[in-house]
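If you're matching them up, the sequences are chains A and B in order.
Residue numbers for the first sequence follow the numbering used here, so the first one is 1122 and each next one is one higher.
Residue numbers for the second sequence follow the numbering used here, so the first one is 716 and each next one is one higher.
Hint data in this document are derived by calculation from the structure and do not stem from the laboratory.
Where hints are given, some of them may not hold.
Claimed, not checked - Lysine-lysine pairs mimicking DSS-like chemistry, simulated, CA-CA at most 25 Å apart:
1) Lys944/B x Lys1244/A
2) Lys1141/A x Lys834/B
3) Lys1011/B x Lys988/B
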Amino acid sequence: MSLKVIVAKPGLDGHDRQAKIIARTLKDHGYDVVYTGIRQTPSQIAQTALQESADVVILNCLSGAHMELFPETARRVRELGLAPLIIGTGVIPDDDAEELVKMGIDIVFGPGTSPLRVIEAIKTWEQSRI
Amino acid sequence: MGTIEDLINGLKAGSQWHLARAINIIEKDGPESELLLSRIYGEVEKFSPLIGITGFGGAGKSSLVGVVAEYLLDRGKKVGVLAVDPTSPRSGGSILGDRIRLQHLFPNENLFFRSYANKGAFGGLSPVLMESVRLLEFAGFDYIFLETVGIGQSEVDISSFADVVVLVLSPGLGDEIQFLKGGIMELADVFVMNKMDMPNANISLAALEAYARLLDEPPPIIPTSALLKENVVGVVEAIERVYTHKAESGVLDKVRQSRREVLYVSWVEKMLKEVIAEQYRPDEVPYRAAADLVKKIRRCLREAESH
Ligand SMILES: Nc1nc2c(ncn2[C@@H]2O[C@H](COP(=O)(O)OP(=O)(O)OP(=O)(O)O)[C@@H](O)[C@H]2O)c(=O)[nH]1
Ligand SMILES: [Mg+2]
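Looking at chain B on its own, in the form it has when it is part of the complex:
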C-alpha cells in the first residue's frame, strides 16, 4: 500500500494508479485523507486550465468532451476528465453514464477519466471534486474538464470554480424561454451549439445568436457536431482565447482565490459539524441554542487572539 510519500511521488511522476488511489483516499475520508490533503495543499500550487462543461441533459456534453479530449491527446497533451452524475434520491445509487462517450479513447496513458456520484453536496461540486482537481494538477495534467449535472441552480457554482465555463446546447432543447431563464446563460464564457448535423439546427443557432446579442458581454457561439467531429478546433480555440484573456486581465487569479475560499469554508463546515452536533441537547430551543453556540465560539476566538 505504501506511505503518503510514495503516493506523492507517484502522483508527481504522473502515475494513474497513484492518482486513482489518491482520489479513492479522499473519497473515503479517513485519517490518510487528512495527511494527503495537507501535503498536496502545502506545496506551491501549479494550475492547469480547468474547463467546466455544463448544459441540458443529453445536449452532448460528454460527447463533446470526448472529441475535444481526442483533439488535445493527438497533440500530445495530458487530459483529465471529471464527470458528475446525479444520485437517485430514493436508493442513493447512481448510473454514471458519461464515461461511455470516451471509452473508445482507451487504453490511453494520457487520458484520465473519473466518474462521481453527486451525493447532494454543494450543488454538484463536492469538496472531493475540488480536491480531485488539485490532484490532477499535481499529476501534471495539461487540461482538466469538469462535466456537471444538467441545468439548474447548481451550475451557478461552476462559474466561481472553473476557469472557463462552456455551456453546451443542442437544437430544439434551447427554445427562447429556456434561454431567458437560469443564470447560467449569463455566467457561461462560451456557448456551444452542438448537434449541428440535425435538421433545422440552423434555426436554433440563429435563435441563440439573437439571444446572445441581448447580453452585455455576448460570449462566442461555436456551432459543432460532436457526432461528426465537426468544428472541434473551434471549441478548443474559443476556450484558449477566453482562458488567455482571463489570465491577462487577472480574472483567473480571482477565480482561483474563490476556489480556495469555497474549499476553506467547506472544510471548516465539515470539521465543525461534529463538534456542533455534540453541543446540542434535545431540550434546547434550536434557534436560540445555535445563536448561543456561535456567540460562545466568537468569544473563544477573541480570547485566543488576544493571547
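Chain A on its own, in the form it takes in the complex:
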C-alpha cells in the first residue's frame, strides 16, 4: 500500500502553485496524495488527517502566518491522537524554521526547496519507522 500524504494550505494566501507541484511530484513517486485546496483552518486539516488516516501531512504557507498556523495545526492533529509525519514548507526563514521544529513541526523546508528533498525526507522517516 502506498503511503497517504495530505498536502494542505493553511492560511489566507491563494497561491497554490507550489503546493500543487509538491502534490504532483509525490504522485509521480508512488504516493497517494490528498490535496485539500487553499485557505484551510488548522481544525479542517486535522479532521482531514484523521478521516484519511494520513501517514504524512505537508503544510504549505506563503502568507507569512506559518509561526501561528503550523504549530496550531500540529497541535490539533496530535490532540486527535494521530501521529503523522508533519512537514512545513513555504517562505520560511531559517530562524523561524528552527523555532518551528521546537514547536512540533517534524521537518521544515524553506523557500526554493526541491520537492525531491521532501520525498527524501519522507523516505528516511519511513525507514526509521519500522
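The hints should help you fit chain B with the ligands onto chain A, whose structure is shown.
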C-alpha cells in the same frame, strides 16, 4: 491502540476516529483485519441508502455530492462519502482530488469523507470499498455516497452494488454519440444534467431528454447547478423516490444480495490466490495445470461434503 472490541464499540458510538482507524485496518489487510471483518459481518446487517455517483470526468460529481451532502447535513443527517480516483499506472501513485470540493463543509461531526486510490481491482470497486460501506453503516450513517472514476466499463459494476445510481452529465460533454455508448446510460436510475448555469445548457438538456425517451424505462432527468446550488432538492427527491420504489418492489433486497455475493467471491479469490500460487510449478503447462487443480479442489469438496 485498543482491542477489536474497543474498535467495535467506538464504531457503534459513531466515533470518526474509530471509523478511520477501522478503514485503515482493512486497507492494511493484516490479521486484525480478519478479526474486524468477521465481527462486522457477523452481526445483523443494518443498511443505509448507498448512492453511487458516476459520470464523465469533470462533470461535477464531487461538487454535486458536496451540495447534496450540505443539504442533508442541514437537516440533521449523518453523511458518509467514499470517493475513488484512478491510480497512475506508471508510478502507482495518485492525486485524490474529490475531497477538495467538500472541504469547506469541515470541521463537521456528521460528515465523513474518505478518498481511495483505485489500484486496479474490480474496476474501481475494491473489496476495501465495499467493506468501508459496511463500516459506515455500522457507524450509523444515514446516507452513503460512493463516487467512482469517470465513465468506462467499470461503472457497470456500480449498478450491481449501489442502491441508487446517479449519472452526472454536463453540457457539451454529453453529445449524442456518448449517450448511445456505454451500458451506464441504461443502468443509471437518475440522470443529472449539472452546470445548467452554463450557456446553451438547455440544448444539452433537450438532447438528453430526447435520448431518454428512447429507453424502456426513462429515468428522471434533474437539471442542476452545483455551483449555484440550484435544484439540489430535486436531486435529493429523485434519489428518495427511486430508493423507496426499489425498497417496495424488492429490488433493493436483490442489490444487497448481489453485494454480498460479489464480496464473497472476492474474499474467496483473495484467500485462495496464495494457495493456488503455491501449487504451480514452472515446468507445467499452465492451462492443464489450472484445470487439474480445479479438478482436485472439486474432488476435495465432494469428499468433505460426503463426510
Ligand atoms: N459552471 C459550473 N461549474 C461547475 C458546476 N459543478 C462543478 N463545476 C466545476 O466543474 C469542475 C469539476 O468539478 P468536480 O466536482 O471536481 O467534477 P468531478 O466530476 O467530480 O470531477 P472528477 O472527479 O475529476 O471526474 C470544477 O471546476 C467545478 O468547480 C456547475 O454546476 N456549474
Ligand atoms: Mg470528483
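For each hint, the structure was consulted:
1. A C-alpha spacing of about 43 Å is found between Lys944/B and Lys1244/A, which places the hinted pair above 25 Å, so the restraint is violated.
2. Taking the CA atoms of Lys1141/A and Lys834/B, the gap is about 22 Å. The hint holds against a cut of 25 Å.
3. Between Lys1011/B and Lys988/B the alpha-carbon distance is near 15 Å, which keeps this suggested pair within the 25 Å criterion.
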